[in-house]
Amino acid sequence: MIVVGVRSDTVPKQRMPGVRERPDGRHVRGRDPGGNTDIPGAVIGKIAARAVGEVPGARSSRSRAARTRVSGEIVLLRLRIDVDYPLPVRRVAGAVREHVKSRVERITGKQVNHIDIEISELVR
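Every letter in the sequence shown is one number past the one before it in the numbering used here, and letter 35, counting from 1, is 35.
No lab work stands behind these hints: they were computed from the structure. Computed from a predicted model, the values in this text were never measured in an experiment. Cβ atoms here follow ideal geometry from the backbone N, Cα and C, with glycine treated the same way. The hints are all genuine.
Estimated spans, in silico, between C-beta atoms of each pair:
#, residue 1, residue 2, range
1, LEU87, HIS114, 21 to 27 Å
2, GLY53, PRO86, 18 to 24 Å
3, GLY34, GLU121, 43 to 49 Å
4, ASP38, GLU121, 29 to 35 Å
5, ILE74, ARG26, 37 to 43 Å
6, GLY35, LEU87, 43 to 49 Å
7, GLY35, VAL123, 42 to 48 Å
8, ARG67, ARG26, 49 to 55 Å
Just need the whole structure built from these sequences, with the hints factored in.
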């Protein structure tokens, strides 16, 4: 009878990056050497402007919809929005603020610390 295959005692152990084997045979994952991911302010501004359009009764202004300042992991936003006319402006602005904050934080992993909202137009 002929057995085809590889004996397990002749196969070298596979090395996985970032994983070390302790003397007791257990594996320990080391710190990920990874790198840095830099997200420019313009990209965060586009994410915020698009998130404004997801709120009912609000849309991004046509000119200069979002301005962004990024300092490390902290984001400051200034948004210009249009609001549909009969809707309460404060309620729409509050909904925009909450939605944009959660959307930007979820996508970028950065913390949105402050959002200024300027109502540029009431739209019928």
